[in-house]
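Residue numbers for the sequence shown follow the UniProt record's numbering, so the first one is 1 and each next one is one higher.
Note that these hints are calculated values from the structure, not bench results.
Check each hint, because a few of them may be wrong.
Here are the computed lysine to any residue pairs in the SDA-like style, where the Cα-Cα straight-line distance is at most 20 angstroms [what the hints assert, rightly or not]:
id, residue 1, residue 2
1, 93, 133
2, 7, 20
3, 2, 38
4, 93, 126
5, 53, 4
6, 93, 105
7, 7, 31
8, 145, 155
9, 93, 104
10, 120, 104
11, 93, 55
12, 32, 1
13, 120, 90
14, 2, 53
15, 145, 156
16, 131, 119
17, 53, 88
18, 166, 155
19, 17, 28
20, 2, 35
21, 120, 86
22, 127, 109
23, 138, 126
24, 133, 122
25, 53, 15
26, 127, 117
27, 93, 115
Taking CB as the label site, the calculated pair distances span [claimed, not checked]:
id, residue 1, residue 2, range
28, 102, 143, 50 to 56 angstroms
29, 151, 55, 52 to 58 angstroms
30, 125, 147, 28 to 34 angstroms
31, 85, 1, 32 to 38 angstroms
32, 141, 171, 43 to 49 angstroms
33, 116, 156, 55 to 61 angstroms
34, 168, 143, 33 to 39 angstroms
Keep in mind that this is a model prediction, so the values were computed, not measured.
Think of the CB as a built atom: it goes at the ideal place given N, C-alpha and C, for glycine as much as any other residue.
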Amino acid sequence: MKQAIEKKREAFDAMGKGELQRAVDLFTDAIKLNPRLTILYANRASVYVRLQKPNAAIRDCDRAININPDSAQPYKWRGKALRLLGYWQEAAKDLSLACQLDYDEETNAMLNEVQPRAQKITHHWRKYEQKCKDDEFKEMVERIKKVLEEQESAQKALEEQEIDEKAALEEQEKSMKEPETTEQIVLKEQEDNQQEPMEEQERAQKKALKEQESVQNQCMLTAVCKFRGRVQLLFSLK
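Modelling step: build the complete structure from the supplied sequences, incorporating the hints.
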């Protein structure tokens with residue numbers, strides 16, 4: 001423990017002299033001596049930030065937070081590292097939490113710088129999300145519309161199929177009835193053809209009878225006339 005604290009003191013001295021890489025090495029030695037001391041990771045992270053090595057700083061802060069999530073320093077330096085990377089929303093979140101845990105002017109000033117950009121990004125993200133939702137809604141409406149059109153088309157095709165099947169059935173029934181009707185027509189024509197000569201024959205017979213009766217009547221009339229003539233002749237001779 002004492003050796004770790006001594007290495008920590010030497011690291012701060014190196015930082016004061018601007019020997020940042022030596023400070024990193026000394027903090028690394030201190031961490032090896034006491035790997036459960038949160039502040040050592042936060043201190044080394046602060047040097048990484050000064051060296052413009054934000055990813056290394058973030059890794060140290062993550063380790064420190066895993067050990068002690070209630071320490072303000074890891075959030076402070078992770079927020080500054082995130083700022084270097086342009087992660088304004090994440091930086092604002094960490095800096096705000098650092099101020100809540102242990103307020104200091106430097107962290108608050110950094111938060112005031114980062115927060116407007118974070119809010120602007122949040123606003124743009126909300127607009128983008130809303131647009132995505134609108135696009136998704138439009139896409140969903142189009143999908144529903146397409147499904148309805150397909151259903152309507154299928155229903156129409158089914159109705160047309162039913163109409164065709166009904167027409168085919170009627171045609172089949174009609175074709176089944178046609179032979180009987182045709183046969184009846186043929187029989188009727190045959191009957192008519194047979195009946196017509198009989199009627200002509202009957203008419204001829206009637207005509208012949210009438211002619212015969214007429215001849216007979218004429219003969220009788222002639223005979224009567226002759227008989228009357230003879231009677232009159234006899235009376236005249238007397």
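A quick look at each hint next to the structure:
Taking the CA atoms of residue 93 and residue 133, the gap is about 26 angstroms. The hint is violated against a cut of 20 angstroms. A distance of roughly 14 angstroms separates the Cα atoms of residue 7 and residue 20; the hinted pair therefore holds under the 20 angstroms criterion. For the hint linking residue 2 to residue 38, the alpha-carbon distance of about 15 angstroms falls within 20 angstroms, and the restraint holds. Only pairs whose Cα atoms come within 20 angstroms are accepted, and residue 93 paired with residue 126 is accepted, the gap being roughly 17 angstroms.
Taking the CA atoms of residue 53 and residue 4, the gap is near 24 angstroms; set against the 20 angstroms cutoff, the hint is violated. The hinted pair formed by residue 93 and residue 105 meets the criterion: a straight-line CA distance of about 16 angstroms does not exceed 20 angstroms. Proximity of residue 7 to residue 31 is assessed by CA-CA distance (about 9 angstroms); at most 20 angstroms being required, the pair is judged to hold. As the CA atoms of residue 145 and residue 155 are separated by approximately 15 angstroms, the hinted pair is consistent with the 20 angstroms bound.
At roughly 16 angstroms between alpha-carbon atoms, residue 93 and residue 104 fall within 20 angstroms of each other, so this suggested pair holds. The suggested pairing of residue 120 with residue 104 is violated, with an alpha-carbon distance near 25 angstroms, which exceeds 20 angstroms. For the proposed pair residue 93 and residue 55, the alpha carbon gap of about 17 angstroms is at most 20 angstroms, so the pair holds. With a CA separation close to 11 angstroms, the supplied pair residue 32 and residue 1 stays within the 20 angstroms bound.
For the hint linking residue 120 to residue 90, the alpha-carbon distance of about 13 angstroms falls within 20 angstroms, and the restraint holds. A C-alpha spacing of about 29 angstroms is found between residue 2 and residue 53, which places the hinted pair above 20 angstroms, so the restraint is violated. Of the supplied pair hints, the one linking residue 145 and residue 156 holds, its CA atoms being roughly 16 angstroms apart against a limit of 20 angstroms. Using a Cα cut-off of 20 angstroms, the hinted pair residue 131 and residue 119 holds, with the two alpha carbons roughly 18 angstroms apart.
The suggested pairing of residue 53 with residue 88 holds, with an alpha-carbon distance near 17 angstroms, which does not exceed 20 angstroms. Of the supplied pair hints, the one linking residue 166 and residue 155 holds, its CA atoms being roughly 16 angstroms apart against a limit of 20 angstroms. A C-alpha spacing of about 18 angstroms is found between residue 17 and residue 28, which places the hinted pair at or below 20 angstroms, so the restraint holds. A C-alpha spacing of about 13 angstroms is found between residue 2 and residue 35, which places the hinted pair at or below 20 angstroms, so the restraint holds.
Note on residue 120 and residue 86: the hinted pairing holds, with a Cα-Cα distance of about 13 angstroms set against a maximum of 20 angstroms. Distance check on the hinted pair: residue 127 and residue 109 sit about 28 angstroms apart at the alpha-carbon level, beyond 20 angstroms; violated. In summary, the hint linking residue 138 to residue 126 is supported, as the alpha carbons are separated by about 18 angstroms, within the 20 angstroms threshold. Between residue 133 and residue 122, the direct Cα distance comes to roughly 16 angstroms. Compliance with the 20 angstroms bound is thereby established for this hinted pair.
At roughly 16 angstroms between alpha-carbon atoms, residue 53 and residue 15 fall within 20 angstroms of each other, so this suggested pair holds. Taking the CA atoms of residue 127 and residue 117, the gap is about 15 angstroms. The hint holds against a cut of 20 angstroms. Between residue 93 and residue 115 the alpha-carbon distance is near 9 angstroms, which keeps this suggested pair within the 20 angstroms criterion. The supplied range of 50 to 56 angstroms is met by residue 102 and residue 143, whose beta-carbon atoms lie about 53 angstroms from each other.
For residue 151 and residue 55, the Cβ-Cβ distance of about 55 angstroms falls inside the hinted range of 52 to 58 angstroms, so the restraint holds. Roughly 32 angstroms separates the CB atoms of residue 125 and residue 147, a value that falls within the hinted 28 to 34 angstroms. Between residue 85 and residue 1 the Cβ separation comes to about 34 angstroms, which falls inside the hinted range of 32 to 38 angstroms. Between residue 141 and residue 171 the beta carbons are some 45 angstroms apart, a value that agrees with the proposed interval 43 to 49 angstroms.
At roughly 59 angstroms, the beta-carbon separation of residue 116 and residue 156 lies within the given 55 to 61 angstroms, and the hint holds. Between residue 168 and residue 143 the Cβ separation comes to about 37 angstroms, which falls inside the hinted range of 33 to 39 angstroms.
Of the hints listed earlier, those the structure fails to meet are numbers 1, 5, 10, 14, 22, in rising order.
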